[in-house]
Amino acid sequence: MRFHIICGGLITEVYDDHEKKVGSVSMSKQQKHATKPFSDGKNFYPSFNEALIALLKRKRVNIRGAIG
1 MRFHIICGGL ITEVYDDHEK KVGSVSMSKQ QKHATKPFSD GKNFYPSFNE ALIALLKRKR
61 VNIRGAIG
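Quick note, in my numbering, the sequence shown goes up one by one and the last residue is 68.
There is no bait here: all hints are sound.
In silico DSBU-like cross-links for lysine-lysine, where the CA-CA straight-line distance does not exceed 35 Å: (1) K57 / K36; (2) K21 / K59; (3) K20 / K32.
For each label pair, taking beta carbons as the anchor points, the in silico distance ranges come out as: (4) I63 / K32: 30 to 40 Å; (5) R60 / Q31: 29 to 39 Å; (6) I6 / N49: 13 to 23 Å.
Just so you know, the hints here were simulated from the structure itself, not pulled from any lab data. These numbers come from a predicted model, not from an experiment. Idealized CB from N, CA, C, for every residue including glycine.
Model the full structure from these sequences, guided by the hints.
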């Protein structure tokens, strides 16, 4: 698993072990998303970590070996 950070962290693309793009987590700067600015492409979340975990769970990405 690999992350590609674009625009200073506004967009974080997630790639699997085969270098295929799984999805991305993006941050909205619109006022209507002030309380939940992070999106996994489907829903909005209050933190980056929650959006990333939701994306990984929904896409069923294998995270073994990604940490450590």
